[in-house]
Amino acid sequence: MADDIQTVTDATFDETVGGAEIAVLVDFWAEWCGPCKMIAPTLEEIAVEHRGKLAIAKLNVDNNPETARRYDVMSIPTLLVFKGGEPVKRLVGAKGKGQLLQDLAEFIA
Amino acid sequence: MPETRELVIVGSGPAGLTAAVYAARANLHPVVVEGIAAGGQLMLTTDVENYPGFPEGILGPELMGKFREQAARFGAEFVTADVDRVDFSGSPYGIWVGDTEYRARAVIVSTGASARMLGLESESRLLGQGVSTCATCDGFFYREKPIAVVGGGDSAIEEALFLTKFATKVTVLHRRDELRASKIMQERAFANAKIEFRWNSVVEDIVGNGCVEALKLRDTVTGEVSELEVAGLFVAIGHDPNTKLFEGQLDMDANGYLLLPSAGSTRTSVEGVFAAGDVADHVFRQAITAAGTGCMAAIESERWLEAKAHAEVAAQAG
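Chains A and B, in that order, are what the protein sequence lines are. Residue numbers for the first sequence follow this note's numbering, so the first one is 1 and each next one is one higher. Residue numbers for the second sequence follow this note's numbering, so the first one is 1 and each next one is one higher.
All the given hints hold, so there is nothing to weed out.
Heads up, simulated DSS-like pairs for lysine-lysine below, C-alpha to C-alpha not over 30 Å straight-line:
no.: 1; chain 1: A; residue 1: Lys-89; chain 2: B; residue 2: Lys-244
no.: 2; chain 1: A; residue 1: Lys-37; chain 2: B; residue 2: Lys-66
no.: 3; chain 1: B; residue 1: Lys-145; chain 2: A; residue 2: Lys-58
no.: 4; chain 1: B; residue 1: Lys-66; chain 2: A; residue 2: Lys-97
no.: 5; chain 1: B; residue 1: Lys-165; chain 2: A; residue 2: Lys-37
no.: 6; chain 1: B; residue 1: Lys-145; chain 2: A; residue 2: Lys-89
no.: 7; chain 1: A; residue 1: Lys-37; chain 2: B; residue 2: Lys-244
Hint data in this document are derived by calculation from the structure and do not stem from the laboratory. Since the structure is predicted, the reported quantities are computational estimates derived from the model, not experimental observations.
The following block holds chain B by itself, in its conformation from the complex (with noise of 0.2 Å):
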């Protein structure tokens, strides 16, 4: 069995690397196994606007980059893969990147949560050849032509805003007659010329062979059937928990947001294991209140691990 270490933080957002910050300025040594999708949802925006210490605005992997930054200079130790499997049987914790096993007496889960797909059997075929999920990768590839983002929340209008550099129009499509999107991203949005509504629309199909030439929507109130010539669609209709490899293990709800049993705590349905960020969150879901429960994350860790020191101490005595 490999050497026990006191924590392994799993995911590098916001909540993960703020909880490595904490637990290693408290000497706990924190190993963070990052994930090939190191920096979180963060590493696909532009700027983030409202993290406070930024009055200019930051951009995302930028802000992300200081964030490891600083839990580096404290000894934070980082694993560059994903996690493969994990063991919450029995303590130590076991937790598996790879061949490598880790074992810890506490661990933090901050896996994080990652763009839900419409689900169409079109979307799959054309990903990457027309259908995209991120607007500051992709948007590049279409200059000068119409495309169209489905959602109505943040992200869904940011998406717009940024894509409105490149694109000759901008259609949001959107299942309700009103969006979800913060006031001031919505004032953005009504105000751009290159940006167009479609309320209570959805999206039955993708057509197009190799690229996508058309989207097939529905209006929800009529039931009627429309085409809308583009050659892009990007998707933005929420996020689900990233939380496959803990199922059978920790208690989650119906759509896989871990459960954290009391109030104003972190601690999950197993002694020693804690969650922050969007992982069992999904009423907030911001950089700064992922940040925050992180910091919770590595305290209760810290408490949590000293109790049983003592608690194995005593028993020893005993």
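The shape of chain A in the complex, shown without the other chains (with noise of 0.2 Å):
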């Protein structure tokens, strides 16, 4: 994984997510889920690209179900982006480059 991707666990969660000073992306997969596997490239690529301006974090919700209740995540990907601490948007589902980086215009801008 780059090195502009961080992991974060329920132990981590708040103190990553809720300190960070710009907006955080994270993206909750699992490693069973396809879907979740053919868009890891693309985040790793806006996570390079967009770096200081949004940052990308994952969660494994195999390991760390209390995150993934605490926010209703039912679903996988789901990626959850992060403001203060506070859930600000959430997509749903595998999602080309194009389409994610106009869904989340409003952070990278």
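Fit chain to chain and form the complex, with the hints in mind.
Encoded structure:
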């Protein structure tokens, strides 16, 4: 995984995401989820291209069910964007890069 | 204008990748625009038990991984992004992926089909929060919870069976009084104690705020409306062809499937553009038929390119 993407867990979520100064996109994923794997390379690209504006973190729902439950994540991939620790945008399902950039425009402009 | 390629293949399910194997072996150096949903519908399944050559069955994603590997081995080139626009009005045909333009003498369209939705406001509102189209992705979240699957075909029954690993109970909702699914899948479903059937039932609404709490069901015979408490709804009511990209450029039927004017051929309404797999097949829709038509499309592309090259040489000599 690129250094530009952080891994968060139930234990580190609040500190990492809540304490961030910029918007943080959290990718809720799992090993057995095909569509999650499809979007992973795209997220790595976005993380590099928009460094400093939008941080990207990954949370494995298999190992960290608490955080997934807290934010009512019932499908993966789900991408939740947090600002000041609060979820402000929810994207569900695999999307192409063009669509993702459009959906995330307000955070990376 | 960019370099003109012999062949661009749009889509990377069994049809596109089989076309890629054949085209690469024929030295057409195909570019496969595999799309964000690379691998197609099989990427969302578990065991594939009816693809010949795998007597013990094989996982859908694994099978597609093997297809891709085989195409790559013979030199197929992959672009992992969606096509944004095509122009089939004149040869060489234009294909745009973001800002990158490809030009090709021949094109194989194998963009497949995607899950159809019910079309309810509550469905889009609760998508990802109790409404799902992918049992293998989301079954995990419904451990020890009651859920429902809407649909009556093979994919609905396969999802229902898979979901019994997690859910306390799986109710299959079907608008008719019998299933369209294959006999073997039906038998498995009827034998599974966790699966219950509600015949002649349609989903009128999904109740819940932030999560699914219940479904409003209407009996199509009596008209009676009832509520079913579930934590999740899996939608498996069929598929729609992915042909929006080709509107106004390729002829299609009322349901959006590409029309193939001559029987036994993968030729579309545009010369040099071929179609393979579910994008032009609403009848069989199997991995093996998609692979078969992918092979046909590659061979037809090769012959068409050859004939065209001959004609051009003859014209120059003329």
